[in-house]
Amino acid sequence: MVDDLDILKSTTLADLETLGDEASWEALRVRTLGKSGWLTQQLKALGPLAPDERRQRGAALNQVRDVLNVAFVQRKKAIESDLLAAQLEAERVDVTMPVARREDGLLHPIHQTIDEMIDIFGGMGFGVAEGPDIESQWHNFSALNTPEHHPARTEHDTFYLPRPRADAPEPVLRTQTSGVQIRTLLSNAPPIRVIAPGRTYRADHDATHSPMFHQCEGILIDRDITLAHLKFCLIAFLRAFFDKPDLPVRFRASYFPFTEPSMEVDIGWSRKTGNIGGGEDWLEVLGAGMVQPRVLANCGVDPEVWQGFAFGMGVERLTMLKYGIPDLRSFYESDLRWLRHYGFSAFETRVPGKGV
77 MVDDLDILKS
87 TTLADLETLG
97 DEASWEALRV
107 RTLGKSGWLT
117 QQLKALGPLA
127 PDERRQRGAA
137 LNQVRDVLNV
147 AFVQRKKAIE
157 SDLLAAQLEA
167 ERVDVTMPVA
177 RREDGLLHPI
187 HQTIDEMIDI
197 FGGMGFGVAE
207 GPDIESQWHN
217 FSALNTPEHH
227 PARTEHDTFY
237 LPRPRADAPE
247 PVLRTQTSGV
257 QIRTLLSNAP
267 PIRVIAPGRT
277 YRADHDATHS
287 PMFHQCEGIL
297 IDRDITLAHL
307 KFCLIAFLRA
317 FFDKPDLPVR
327 FRASYFPFTE
337 PSMEVDIGWS
347 RKTGNIGGGE
357 DWLEVLGAGM
367 VQPRVLANCG
377 VDPEVWQGFA
387 FGMGVERLTM
397 LKYGIPDLRS
407 FYESDLRWLR
417 HYGFSAFETR
427 VPGKGV
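To convert, take the position in the sequence shown, counting from 1, and add 76; that gives this note's numbering.
To be clear, the hints were calculated from the coordinates, so they are not data collected in a lab. The beta carbon of each residue, even a glycine, is placed where N, CA and C say it ideally should be. Honestly, I wouldn't trust all of these hints.
As the list claims (entries may be wrong) - Pair by pair, the computed Cβ-Cβ distance ranges are: (1) 93 / 178: 19 to 29 Å; (2) 209 / 179: 27 to 37 Å; (3) 176 / 267: 50 to 60 Å; (4) 333 / 279: 46 to 56 Å; (5) 413 / 237: 27 to 37 Å; (6) 180 / 321: 30 to 40 Å; (7) 321 / 178: 31 to 41 Å; (8) 145 / 83: 45 to 55 Å; (9) 380 / 225: 24 to 34 Å; (10) 209 / 302: 30 to 40 Å; (11) 179 / 354: 34 to 44 Å; (12) 399 / 321: 13 to 23 Å.
To be verified - Taking lysine-lysine pairs in the BS3-like style, the calculated list, with each CA pair at most 25 Å apart, reads: (13) 320 / 348; (14) 111 / 85; (15) 153 / 85; (16) 320 / 398; (17) 120 / 153; (18) 152 / 85; (19) 398 / 307; (20) 398 / 348; (21) 111 / 152; (22) 111 / 153; (23) 307 / 320.
Construct all of the structure, not just a fragment, from the sequences and the given hints.
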């Protein structure tokens, strides 16, 4: 009977040497030393034997078990060592080889322009304010002195959303970031000096209009503010943004419900070449004006004490003019080739269109 144990031991040791992974090792261990393994079954079979035979057989089984336990432990260490060596070999890196170039991500031109605007106006003391994309009609229209019969409030121009309650007015996707100005006036005491860049929404879509686009609006409220302050602020911004210290800037009378007087702002431009600052033509770039006293009163600000000006501009429009982008729709087509051409590195200064 001892011979059969020698055969089982030698067979198990031979099988153990052929194993190359922990799963196979564990399967053999369970098959040999587990609760239902052959060695355990042999130990359970000692009961019916005569005392002398049981003692001899038990001693032989314990000796085999000790040998196999040691063999299993040693083989597991060898397997783990082999697997680690294989992993290290597979992950080995030759530090003398050139590093594979990984292309960096680029800033979208819209983000670049907004960052430039924040930087320029920040130098004039303007902070940055934000607000929700879904606005109440009061914040988006009524507080801004825009009556209910105004064309901007019609459904062909404004996106209206379902009413939160049957008796509540329909909220809107904000058509301008002017609502951020209203919220700023309501939550802060003058003096106030902020810009509000962000997404806006209107029902329009062609080469120069998008149903979602970006605006940057600004407002300054203080004592004794005049039209001269507005003109200085916008001329300084436009000349800094287009990097043209002598850029011609023209102010034309216009009308907006929330400013009085209101004006359109033009810059010198060549219709033939498209060059900014050259030629005898003019190009409209933004709207502005002195804040209408009713707007201040709607927000609890005394217009007899405080005055100010406001302005608003399309971020995409200024981006297209500065960087020569011909079609507004390309901003939102997610074309990586376009972004590689017009995008900006976050780590270095470069001119778009000159490659990464």
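Okay, the hints, checked on the actual structure:
no., hint, result
1, 93 / 178: 19 to 29 Å, "violated, 45 Å"
2, 209 / 179: 27 to 37 Å, "holds, 32 Å"
3, 176 / 267: 50 to 60 Å, "holds, 54 Å"
4, 333 / 279: 46 to 56 Å, "violated, 20 Å"
5, 413 / 237: 27 to 37 Å, "holds, 36 Å"
6, 180 / 321: 30 to 40 Å, "holds, 32 Å"
7, 321 / 178: 31 to 41 Å, "holds, 40 Å"
8, 145 / 83: 45 to 55 Å, "violated, 19 Å"
9, 380 / 225: 24 to 34 Å, "holds, 29 Å"
10, 209 / 302: 30 to 40 Å, "holds, 34 Å"
11, 179 / 354: 34 to 44 Å, "holds, 36 Å"
12, 399 / 321: 13 to 23 Å, "holds, 19 Å"
13, 320 / 348, "holds, 19 Å"
14, 111 / 85, "holds, 17 Å"
15, 153 / 85, "holds, 20 Å"
16, 320 / 398, "holds, 11 Å"
17, 120 / 153, "violated, 30 Å"
18, 152 / 85, "holds, 17 Å"
19, 398 / 307, "holds, 21 Å"
20, 398 / 348, "holds, 16 Å"
21, 111 / 152, "holds, 20 Å"
22, 111 / 153, "holds, 23 Å"
23, 307 / 320, "holds, 17 Å"
Checked against the numbered hints given earlier, this structure breaks hints 1, 4, 8 and 17; the rest are met.
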